[in-house]
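Residues per chain are reported as follows:
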Amino acid sequence: MGAIFKRELSAYFQSPLGYVFVAVYYLFAGFFFFNYNLYNNTTDLRPLFDLLFSVTIFLIPILTMRLMSEERKSKTDQLLLMAPVTATGIVLAKFFAAAIVYLAAMSITLVMAGVLSIYAPPQWPVVLGHFIGLLLLGAALIAVGLLLSSLTENQIIAAVGGFCAGFFLMLLDALAGVISNPFLAGLVTNLSFYTRYQNFTLGMLDFSDLVFFTSLTALFLFFSVAVFEHRRLS
Amino acid sequence: MIQIRDLQKSYGSKEALRGIGCTIKQGEIVGLLGLNGAGKSTAMNIMTGCLAASRGQVLIDGIDIAKEPLKAKQKIGYLPEIPPLYTDMKVQRYLEFIFDLKKAQGDKKRHLAEVCEKAGITQVGGRLIKNLSKGYRQRVGLAQALIGNPPILILDEPTVGLDPTQMIEIRGLIEEMGRQRTVILSSHILSEVQAVCGRVIVLNEGQVVADDTPEHLEAALQRKNRCIAAIEGHPDRVRQTLLGVPCIESVALLAETEPGVHEYQVQGRPGEDIRRPMFGALAAANLPLLGTRAHRLSLEDVFLQLVSPQQQPGGDA
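Protein chains in written order, with my numbering: chain Y, 3 to 236; chain W, 5 to 321.
So that you can see chain Y by itself, here it is in the shape it has in the complex (with noise of 0.2 Å):
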């Protein structure tokens, strides 16, 4: 599992992907910094967190597009399935190198919050709150995107496929809205990422919220290890 996990996590910087999507994440950031922090005079992080919600659920297909699918396609995925390794370390290996790419990505965050803290300091306990929430979310996407990419061998379906998944989660709160029974307008909310999101860059860290992201995370982990052992056995 550590060597799968060693090279994946070099291929990402060994082609411009890596690069690109660290450097993108970068540019948001940093836009919604400048715009809602420096230009407002405030150290109050919650918009630049509300607004990397949508970023990180449009640039986590980019980071696992490639992750299963190029293995298949380049047949690489044999040589992974002869190895003594077992299929749940394989995709473990996967999605941790994923995981620390996104991790390198949001990080930039907490320079932010630094950054702040020279002129007054920001409410570290809120702070910490937002980078957690961030990060389940990143997981939890990195975690559909990964069982997404295990289901074809085209890059560009996994990765539009991904887009696809992250526009049905943001537009899950618009239909709860119009669904008239209360039970089901409830379900849908609790399985909204916004609404669950939410709560963290409300300061707010609650135990279920945690719990979801982990457990979806989880979830979709098996997915993908269901999907690999059933290639091996179809």
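In case anyone wonders, no lab produced these hints; they're calculated from the structure.
Just so you know, not all the hints are guaranteed correct.
[Said to hold, decoys possible] Mimicking DSBU-like on lysine-lysine, the simulated pairs with C-alpha atoms at most 35 Å apart in a straight line are:
id	chain 1	residue 1	chain 2	residue 2
1	Y	Lys75	W	Lys138
2	W	Lys75	Y	Lys75
3	Y	Lys75	W	Lys134
4	Y	Lys8	W	Lys138
5	Y	Lys8	W	Lys94
6	W	Lys29	Y	Lys77
7	Y	Lys75	W	Lys18
8	W	Lys134	Y	Lys77
9	Y	Lys8	W	Lys18
10	Y	Lys8	W	Lys79
11	Y	Lys75	W	Lys94
12	W	Lys107	Y	Lys77
13	Y	Lys8	W	Lys134
14	Y	Lys77	W	Lys138
15	W	Lys112	Y	Lys77
[Stated by the list, open to error] Non-contacting residues of chain Y with respect to chain W, defined by C-beta distances greater than 10 Å in every case (computed):
id	residue
16	Leu82
17	Ile134
18	Leu204
Being a predicted model, the structure only gives us computed values, none of them experimental.
Quick reminder that beta carbons are idealized off the backbone N, C-alpha and C, glycines included.
With chain Y held as given, fit chain W onto it using these hints.
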């Protein structure tokens, strides 16, 4: 040692393997022969744990690959038909990755240097795989199979797409590797199998139709009902005389070997030994029979005979 028992694999309604079985002993070099779609790659993928069988069992040194895959896989080096190479990596870095992936033991640097020397890729260690020629890529693929010194090597068409020089080099390499290991290779090139392998397993439509040494296979399928005869006399008379023998079906003129002497391919009925009746008929017609020789089948002929849908293995037709 590899034991394959009643291996069966289906893709939907299509049966790729129909219960194949064999035992491959330590130190053997075995060739898997078969037409496209015969089940060679499927069998190899199951042996290496890349694919699960629908039924049956593969034991690697007594370890069931389905039950203890991690343990069994450490004993196998596999070169699939398309070498599994990360083309964005340098050769040395790629091999280091394989060493770690296979959890190989020992001094990594020394082991990789040995493997590179064996595969003849020492001089390209610092190059990106995508910039290598097909021959070198194949060698890198072979090197990855050798990492960890696995006692069993499984090579799926290792020389496909290579030029003749590269083919000879890779073949030499396989022969050298076969001195210390069990090697199973699939190939379409029969001369290659004949040159390298001590045993041939012929697959046809997912079944083993022959399993023997190349020499025994050739001998088993030699036909006594067919021979090449050098006969003196006018070809029309010779043909008429021979076709008058009840057990002879056809006579084909091959070439004039000496003035007035021609070679013929004489074909008799299935299962009949035509040599004595032919001699008797020619002697009666005063047509000197100057020589006969058996119509030797090459491995190509044997292979075609075995996989031909009209013919049964080992049968005369």
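Of the hints stated earlier, which fail here? 9, 16
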